[in-house]
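A.B. asks: Sequence:
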Amino acid sequence: MKIRSESGGVETRIVVLLLVSVLSMATERCPSFEIAKGINGLDKIVLRECRSRSAEVYLYGGHVTSWKNENGEELLYLSSKAIFKPPKPIRGGIPLCFPQFSNYGPVESHGFARNRIWELDANPPPLPSNSSSDAFVDLILRPTEDDLKMWPNNFEFRMRVALGSEGELTLTSRVRNTNSDGKPFSFTFAYHTYFSVSDISEVRVEGLETLDYLDKLRNRERFTEQGDDITFESEIDRIYLSTPTKIAILDHDKKRTFVVRKEGLADAVVWNPWDKKSKKKISDMGDEDYKHMLCVEAAAIERPITLKPGEEWKGRLELSAVPSSYSSGQLDPKKVLQ
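Residue numbering for the sequence shown is -26 to -1, 1 to 312, as defined by mature numbering (1 follows the signal peptide of the UniProt record, and there is no 0).
Hints may contain errors.
Unchecked claim - Here are the simulated DSS-like cross-link-like pairs (lysine-lysine), alpha carbons at most 25 Å apart as the crow flies:
{"id": "1", "residue 1": "Lys265", "residue 2": "Lys288"}
{"id": "2", "residue 1": "Lys157", "residue 2": "Lys123"}
{"id": "3", "residue 1": "Lys254", "residue 2": "Lys265"}
{"id": "4", "residue 1": "Lys157", "residue 2": "Lys282"}
{"id": "5", "residue 1": "Lys265", "residue 2": "Lys55"}
{"id": "6", "residue 1": "Lys157", "residue 2": "Lys220"}
{"id": "7", "residue 1": "Lys157", "residue 2": "Lys62"}
{"id": "8", "residue 1": "Lys62", "residue 2": "Lys253"}
{"id": "9", "residue 1": "Lys190", "residue 2": "Lys157"}
{"id": "10", "residue 1": "Lys251", "residue 2": "Lys59"}
{"id": "11", "residue 1": "Lys190", "residue 2": "Lys282"}
{"id": "12", "residue 1": "Lys265", "residue 2": "Lys42"}
{"id": "13", "residue 1": "Lys157", "residue 2": "Lys59"}
{"id": "14", "residue 1": "Lys42", "residue 2": "Lys220"}
{"id": "15", "residue 1": "Lys282", "residue 2": "Lys62"}
{"id": "16", "residue 1": "Lys62", "residue 2": "Lys254"}
{"id": "17", "residue 1": "Lys55", "residue 2": "Lys157"}
{"id": "18", "residue 1": "Lys11", "residue 2": "Lys62"}
{"id": "19", "residue 1": "Lys59", "residue 2": "Lys18"}
{"id": "20", "residue 1": "Lys123", "residue 2": "Lys220"}
{"id": "21", "residue 1": "Lys55", "residue 2": "Lys282"}
{"id": "22", "residue 1": "Lys59", "residue 2": "Lys255"}
Since the hints were derived computationally from the structure, they do not count as laboratory data.
Generate the whole structure from the sequences, applying the supplied hints.
C.D. replies: Next up, the structure:
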């Protein structure tokens, strides 16, 4: 290539540098999507964004197991004893609870979607909310013969996992009733998100004040939240009802606020097993892990979703992590909830 210069070579150098810069950006493949082998040879998808942010999704369970910021910090909790071996669910990340949350129905606790091998979706529906700067993957789950024996309903569960240009992680789920016999079905659902926190005693949750909740530690008795925020000194397992579209999780030590934005999911679960349960009843969780995790789950539980044949439900979860501001030693979450 010949570049003619009329100004003593300065213009030539500028043009060459610009060409090198463009070629460099073209070879970075940013954002990117990669299929790789994960733990125990399980297939996973690695999403990368231009500023070194990343996310990992296992086909087993359609399970997001990692979400990292530009500094390589892990934002999701994954158990130090997580078992990556079907049919055991993976402890941590973002398990999918479908078609049942907990034991609220006839199938196994939290349903079977988290224990199945999902497929890459070759013909996903359009989702215009994702920009060209997002790295994303589309997955699909259909019932197996064993699934139909325990829950006799045909369905298509499609999900897009997207990593945005600002590091936000978005999961968009679509469930369609494909029964050919005219039969409707109902289900409950949750994105069972495990957040990584510095110290559970230094964390609080904003956005659920004055709301009613079902306390699973008290036989699902209904109470009303009395505190200005939710703090943690012991085991908690609550289903907050008719919740807002935004919830904030404030980590004092890390000066970080997680913002949970949700659509189509009226409820929110707040869970931490504390020391006794994590040591005695949860074999795939480290004894001290409870100090460094908190589940805040966008969910549809109190009012199950009912679909007639051909009908589709859509639910969306968006997670972001932003720096927290301080005033007199206290975090200021109100701005992120506005």
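A.B. asks: Run every hint past the structure and note whether it holds.
C.D. replies: Hints, one by one, checked against the model:
1. Our distance criterion of 25 Å between C-alpha atoms is broken by lysine 265 and lysine 288, whose separation comes to about 33 Å.
2. For the hint linking lysine 157 to lysine 123, the alpha-carbon distance of about 16 Å falls within 25 Å, and the restraint holds.
3. Taking the CA atoms of lysine 254 and lysine 265, the gap is about 15 Å. The hint holds against a cut of 25 Å.
4. At roughly 7 Å between alpha-carbon atoms, lysine 157 and lysine 282 fall within 25 Å of each other, so this suggested pair holds.
5. Between lysine 265 and lysine 55 the CA atoms are separated by roughly 15 Å; this keeps the pair inside 25 Å, and the hint holds.
6. Of the supplied pair hints, the one linking lysine 157 and lysine 220 is violated, its CA atoms being roughly 35 Å apart against a limit of 25 Å.
7. For the suggested pair lysine 157 and lysine 62, the alpha carbons sit about 31 Å apart, so the restraint of at most 25 Å is broken.
8. Restraint check for lysine 62 and lysine 253: satisfied, since their Cα atoms lie roughly 19 Å apart, inside the 25 Å limit.
9. A threshold of 25 Å between alpha carbons decides the hint, and for lysine 190 with lysine 157 the separation of about 32 Å lies outside it, so the pair is violated.
10. Between lysine 251 and lysine 59 the CA atoms are separated by roughly 23 Å; this keeps the pair inside 25 Å, and the hint holds.
11. As the CA atoms of lysine 190 and lysine 282 are separated by approximately 30 Å, the hinted pair breaks the 25 Å bound.
12. Distance check on the hinted pair: lysine 265 and lysine 42 sit about 20 Å apart at the alpha-carbon level, within 25 Å; holds.
13. For the proposed pair lysine 157 and lysine 59, the alpha carbon gap of about 35 Å is over 25 Å, so the pair is violated.
14. With a C-alpha separation of about 21 Å, the suggested pair lysine 42 and lysine 220 falls inside the 25 Å cut-off, and the hint holds.
15. Note on lysine 282 and lysine 62: the hinted pairing is violated, with a Cα-Cα distance of about 32 Å set against a maximum of 25 Å.
16. The straight-line distance between the Cα atoms of lysine 62 and lysine 254 is roughly 18 Å, inside the 25 Å bound, and the hint therefore holds.
17. Distance hint between lysine 55 and lysine 157 is unfulfilled; the C-alpha atoms sit about 41 Å from each other, more than 25 Å.
18. The straight-line distance between the Cα atoms of lysine 11 and lysine 62 is roughly 18 Å, inside the 25 Å bound, and the hint therefore holds.
19. Proposed proximity of lysine 59 and lysine 18 is supported: the alpha carbons are some 14 Å apart, at most 25 Å.
20. About 38 Å separates the Cα atoms of lysine 123 and lysine 220, which puts this hinted pair outside 25 Å; it is violated.
21. Restraint check for lysine 55 and lysine 282: the C-alpha separation of about 41 Å exceeds 25 Å, so the hint is violated.
22. For the given pair, lysine 59 sits about 19 Å from lysine 255 by alpha-carbon distance, which is consistent with the 25 Å threshold.
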